[in-house]
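Peer 1: Chains as they are written, first to last, in this note's numbering: chain A, 9 to 568; chain B, 9 to 568.
Check before you lean on any hint, since a few could be wrong.
Note that the list lumps identical chains together, so a pair holds whenever it fits in one copy or between two copies.
[Claimed, not checked] Calculated lysine-lysine pairs in the BS3-like style (CA-CA distance at most 27 angstroms, straight line):
hint : residue 1 : residue 2
1    : Lys384    : Lys311
2    : Lys357    : Lys384
3    : Lys357    : Lys462
4    : Lys384    : Lys538
5    : Lys518    : Lys462
Note that these hints are calculated values from the structure, not bench results. Computed from a prediction, not measured in an experiment: that's the story for all the values here.
Number of protein chains: 2
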Amino acid sequence: MAPKIALLQVNPVVGDIAGNASKICNFAEQASNAGASLAVTTELAISGYPPRDLLIQSDFVDACYAAASSLQSVIPILTGTPVPPVGERTLPGNGVVRAGDSVREVARKQLLPTYDVFDEARYFESGRGPGIARTIAGLDIGVTICEDAWQHCGATPNDYDSDPIIHIMEWGRQGVVLDATVNLSASPYHADKSGVRIAVARSAAVSLNHPFLLANQVGGNDDLLFDGRSIIAWPDGTVVVAPGWTEGILIADLNSPDDCLWTGDGECTILQPGEELISNDGDLLDAIIIGLSDYCRKSSISKIVLGLSGGIDSALAACVASAAVGAENVTGISMPSRHSSQHSIDDAKATAEALGIEFSIQPIEDLHSSAESALKDILSNGHPVAGENLQARLRGLIVMAHANANGAMAIATGNKSELGQGYCTLYGDMAGGYAPLGDLYKMEVYALAKEFNKRLGIDAVNESTLTKPPSAELAPDQKDEDSLPPYPILDEILCLHIEEGLDATEITAKGHDGQMVNDVLTRLARNEHKRWQMPPAPRVSKRAFGQGWRQPLAARHDWR
Amino acid sequence: MAPKIALLQVNPVVGDIAGNASKICNFAEQASNAGASLAVTTELAISGYPPRDLLIQSDFVDACYAAASSLQSVIPILTGTPVPPVGERTLPGNGVVRAGDSVREVARKQLLPTYDVFDEARYFESGRGPGIARTIAGLDIGVTICEDAWQHCGATPNDYDSDPIIHIMEWGRQGVVLDATVNLSASPYHADKSGVRIAVARSAAVSLNHPFLLANQVGGNDDLLFDGRSIIAWPDGTVVVAPGWTEGILIADLNSPDDCLWTGDGECTILQPGEELISNDGDLLDAIIIGLSDYCRKSSISKIVLGLSGGIDSALAACVASAAVGAENVTGISMPSRHSSQHSIDDAKATAEALGIEFSIQPIEDLHSSAESALKDILSNGHPVAGENLQARLRGLIVMAHANANGAMAIATGNKSELGQGYCTLYGDMAGGYAPLGDLYKMEVYALAKEFNKRLGIDAVNESTLTKPPSAELAPDQKDEDSLPPYPILDEILCLHIEEGLDATEITAKGHDGQMVNDVLTRLARNEHKRWQMPPAPRVSKRAFGQGWRQPLAARHDWR
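Using the sequences plus the hints, can you model the full thing?
Peer 2: Written out as structure tokens, the structure reads:
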């Protein structure tokens, strides 16, 4: 019987070196108790991924390296960690250190992704070849790090000049027999990403003609999410996949998929050759919840407050918040104005009661009148948007007063469709430390509200909220559709442009009204100023606002 | 007499391909009229620098390349432009296209900076060797792009595996005689940067043994500033430097520094071998003004509104705003509360009158009382910061109402010292589309206020504002020093940590109180959440909040 290899699917806290090291040791001990002879962490598990500019501090790199080198693991362990620069070079490596039996560096990442959410060329120097760990728990193991395996099956947008998988294959041709190759990953989530990751692992296993084991980080770090779903792939195409969104240990029996073991919540899935992972309806909902939950937990925020308008966005945001930090730590405030309908208050209350969160009603009419009176001169001669935004900002003021008084964090409830169109108010409904729905299109918000209801078996988002026409209720009888295309159409236009990169001509050729397409893309560009200050949002789409996303200066106009 | 080479020191608008092309043609015509036979633009002059994720759209790259290739220039011209990927590769190049006589690509940038504010490895593939333009206006010219020249004198933080300057020297040894080497640059400003840039040019000229000509972009694009100061350097160490912060054409007579010519405002400076450029006291002030001015102009914002507290920050911000968009387009609002002193109103008024901006007084007492009464339950049992912040947010509300009503942009008046300590209010004094002082330490704010007074010969910032103890006036008799160290000390601690990368132990060893240093660095880390949503600020220091700047998740705590 071959020694078993444990993939430690951990959720590290960026910058918490001691805490991460302690967690890894605990996991290794559990793995040993469950029969594993060797443990493998995720990428940069000691520092957490992504450490960003912490990597510029050589003290930080040294501390990570020292922690990985001195891990008191009961079994041999391969740990992902920043490793100091080589010789006279200035940049550290994204490496793997062996400990538990002997201590040495065994690999440096060769392919440094520098696109999309990745900026590794900013921080690291490439390794010069794939890694190897010899006679570790009686095995000889190839060692790769995340992107190192992705070039091989053409799953990276850019070209690299080398392919570490082919490099390991060449070792094989030269007589180096490996028992398996492992891959330490921090492969971020977006919808449909796990299928690609499985294809990457299968492709590597086929080419290498031995098992390929991928340990993937889980959890949220700021706006980046990691779904876990660590993988064992065999050359015949059989794959074992760990559950998503939860920590645990996937223990690989290299000879028998049926004897692989998962120690955490849920269970692992065995895929036969050619079989795909069935995507779970609740996956996106899990993503959003863990994004908010980890953002709060990892930065010592325990309470959340939000405005509950009675609309679909704030209703879903309240659901997500109660799942993330516990209903007892969430407060929803209904803040009706003279333009609010009774059903708005009723629907907000229904959501709060169904979830069991604290709820209060704080009418803004008095404050609104006082403000209108104080600002009479300004408002009477200006653009009407000033008066509309006043209401949103008074609500922001109230939510923030509650947050500051009680040490809670406000969350912003806006979605990607309205943020993309600037249909939101700076310092009003955009106020908050995190925007859990900020990368969800409006129709996804509806779908997740239904999914949440189904999961809990309650009407947390009631029928009225799900079916009434969306309205900002900042002016009499105002409806979103007065200013924007119907959401199913708006979402499709935005998605074709943002995710697929199509321009106005190409989108129109797909059957959309040309004038409408132009209006949507113009609003998208004009409102770039406003999005600059949007709170961090968990990234679940192929392309989010953020990173290098910028509209040309020449196209930006609106600031409000 | 050798043909003269014109360096076009232009201020392009990112994304405005047609406008930038037209500007370049006009400059080339002026250069021709002034006797130049050949024109050289700055780096990526056609797209503007930095184009960021616009470069991911192949249509955008193609449009830039087409515009540079079809430039109707009256003299031969070398234009910086994105150039399409080579063969099957996916990433474009950061290139130079020749037009005006024959049309061809002559260079691709070899060294792609990916540190600090730079992320070029995200967007570009490296060129394989330095460029050359043969028999152009009768000259043979080496062609390099910005960073290509910086490795040679050790002025880059990272290592590259090649040195384009040495590569050109090798051509020389092989008998290729060049008349000069040009460098198309978009080299961002920070204080003291121009001295380094001159050293880079001198080093290249000495090694190449022929004149080295560097054309540098001028102006602000979002948070990045470019000071211009294009350079001609000779092998003997003589240098001609164009003025900073203004467009124009530097016409090089390769044989005679004295016969070089500058066509725009100001005049060029001749430095003898070994002589340094005297740094101008007003340089930082120019930087801040052009940052705000270009941000507004390039995104069609013509009016600015700000709260005028009577304190030093808002006073300087008003000065900068009036210099940036004209006093007639600036409105200052004094918003006294029950905690405001009369001198605050008087000093605010004095600044407004000295500058000639519109001024109004909008007391917040009524609104404040209404809000306190409406939020009684929330405020009475909570943290006192909720009540303090309420005042700042009511002021934000008023300023934003004015901005929205009149199509103006609000500016945030905070400085780097208080932003670093979280001594500011989200959606209160942090509200605004741009933070002109956001990268200035408090003592720099004082220095620039004096500089502004001196420049205009008026007391725009009066003696009282310059000398009274800083106070947020959010509580009775509140002083900044109640919560923070004295600013001269705070600034020094922050600067040692942020700019120089020293840790608490190292800063304490420089003579600062250990407890104070720890408190300052702890507040810096805890308030990271808040800075996430700060408006763009012109980058004038060696290291600004922004780019990859992040505190460890584990260290962040405060959100308010």
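Peer 1: A separate judgement is required for each hint: does it hold in the structure or not?
Peer 2: Quick rundown of the hints versus the structure:
In this assembly of identical chains, the alpha carbons of Lys384 and Lys311 lie at most 27 angstroms apart only when taken from different copies (20 angstroms versus 37 angstroms within one copy). In this homomeric assembly, Lys357 and Lys384 come within 27 angstroms of each other (Cα to Cα) only across copies, at 22 angstroms, whereas the closest approach inside a single copy is 33 angstroms. Taking the closest pair of Cα atoms, Lys357 and Lys462 come within 27 angstroms of each other only inside a single copy of the chain (19 angstroms); across copies the shortest separation is 61 angstroms, beyond that limit. Proximity of Lys384 to Lys538 under the C-alpha cut-off of 27 angstroms is restricted to the intra-copy arrangement: shortest distance 26 angstroms within a copy versus 32 angstroms between copies.
Proximity of Lys518 and Lys462 under a CA criterion of 27 angstroms is satisfied in neither setting, with 34 angstroms inside one chain copy and 61 angstroms between copies.
The structure is inconsistent with hint 5 alone, although it conforms to all the rest.
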